[in-house]
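Order-wise, the sequence lines are chains L and U.
Residue numbering for the first sequence follows my numbering, starting at 1 and increasing by one per position.
Residue numbering for the second sequence follows my numbering, starting at 1 and increasing by one per position.
Hints are not guaranteed to be accurate.
Which chain L residues face chain U? A few, computed with CB under 10 Å, are given here [stated by the list, open to error]:
1) 6
2) 31
3) 33
4) 35
5) 42
6) 50
7) 51
8) 91
9) 92
10) 93
11) 97
12) 99
13) 102
14) 104
15) 109
16) 112
Straight-line distance between alpha carbons at most 30 Å, and here's what the computed DSSO-like set of lysine-lysine pairs gives [unchecked claim]:
17) U:100 <-> L:78
18) L:62 <-> U:100
19) L:11 <-> U:110
20) U:49 <-> U:61
21) L:62 <-> L:11
Because the hints were derived from the structure by calculation, they are not lab data.
The structure presented is a predicted model; accordingly, all values stated were derived computationally and were not measured.
For glycine and all other residues, C-beta sits at the position ideal for the given N, C-alpha and C.
For reference, the chains in residue letters:
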Amino acid sequence: DARVTQTPRHKVTEMGQEVTMRCQPILGHNTVFWYRQTMMQGLELLAYFRNRAPLDDSGMPKDRFSAEMPDATLATLKIQPSEPRDSAVYFCASGSYLTMSYTFGSGTRLTVV
Amino acid sequence: AQSVTQPDIHITVSEGASLELRCNYSYGATPYLFWYVQSPGQGLQLLLKYFSGDTLVQGIKGFEAEFKRSQSSFNLRKPSVHWSDAAEYFCAVGAQGTYKYIFGTGTRLKVLA
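Bound conformation, chain L alone:
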C-alpha cells in the first residue's frame, strides 16, 4: 500500500530551537495537509496545499510556523523558535481533492522542553 512518510517520528528539542518536520506525500496526490493533534485541542488543521500551492494556513501561528512544498514529493513544516506549547503530534495527510479521501502519515511526535 502507498504510504505518506513523515520524518522524524520523534523529536525532542529545547525551547528556542528550530524544528523541521518533513512529509513525503503519496505520488500523484495533489492535496497535502498538516494537522496538529493534542489532548486538549484534538485535531487542528494547520495548513493546506493543493498542487503545491498553499491555499490555507490560517490555522498556523504565523510568527513562528511556516509550511512549504518545494516539490511534489516533499512538504515541510518548520517551527522557529519552538516553544513548550508546540509539543504535540504533527500529522501530514495527502489525497485527492475530488474524492476528499486522505491518507495520513504516522506523525511526528514533538516534545519541546
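Using the hints provided, position chain U relative to the given structure of chain L.
Frame of chain L, contents of chain U only:
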C-alpha cells in the same frame, strides 16, 4: 455553526459483542461524512465515507455506518468486535467544493477479552 459531536469519549465492549459509535453533525451544506480509526502511535486510517446514494455504507474491517439525515447522525457499527479494534475513532464532516474536514473529538474504544 458547523460542528461534529461524538458524545462518547470512552466505550468499553467485550470481544464478540456488537458496537455502535455515535456521531452527530451540524452542517449547512450537503455533508460528506467520514469515519477514521487511529491506533496507538499511528496516523488516521479511513474506515468509510458517505457522499451520496445508499445511506448504509460498508467500510473496511467489517465496519458499516448509516447516514440518517433526519437525525443528523452517522453512527458507526460493527456486529462483532475483535480485540484488534481497540483504538480511537474519529468522525469527520466535509462538503463538496471545500477541502476541510471538521473532526469530532474522538471515541476511545476498549475491548475486553
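Status of the hints after comparison with the structure:
1. 6: Because about 8 Å separates residue 6 of chain L from the closest Cβ in chain U, which is inside the 10 Å limit, the hint holds.
2. 31: For residue 31 of chain L, the interface hint holds, since the closest Cβ of chain U sits about 7 Å away, which is under 10 Å.
3. 33: Given a least distance of 8 Å, the restraint on residue 33 of chain L holds.
4. 35: holds, 9 Å
5. 42: Holds. Min distance 5 Å.
6. 50: This hint holds: residue 50 of chain L lies near chain U, its Cβ roughly 7 Å from the closest one there, short of 10 Å.
7. 51: Constraint on residue 51 of chain L not satisfied, violated at 12 Å.
8. 91: holds, 6 Å
9. 92: Since chain U brings a Cβ to about 8 Å from residue 92 of chain L, closer than 10 Å, the hint holds.
10. 93: Holds, because the Cβ-Cβ distance from residue 93 of chain L to chain U comes to roughly 8 Å (cut-off 10 Å).
11. 97: Cβ of residue 97 of chain L sits 6 Å from chain U, so the hint holds.
12. 99: For residue 99 of chain L, the interface hint holds, since the closest Cβ of chain U sits about 8 Å away, which is under 10 Å.
13. 102: Hint holds; residue 102 of chain L Cβ to chain U Cβ min 7 Å, cut 10 Å.
14. 104: Constraint on residue 104 of chain L satisfied, holds at 3 Å.
15. 109: Holds, because the Cβ-Cβ distance from residue 109 of chain L to chain U comes to roughly 8 Å (cut-off 10 Å).
16. 112: violated, 19 Å
17. U:100 <-> L:78: holds, 22 Å
18. L:62 <-> U:100: Within the cut-off at roughly 19 Å; holds.
19. L:11 <-> U:110: holds, 29 Å
20. U:49 <-> U:61: Holds, at about 14 Å.
21. L:62 <-> L:11: The given pair, whose Cα atoms are some 21 Å apart, holds under the 30 Å limit.
Taken one by one, the earlier hints fail for this structure at numbers 7 and 16, listed in ascending order.
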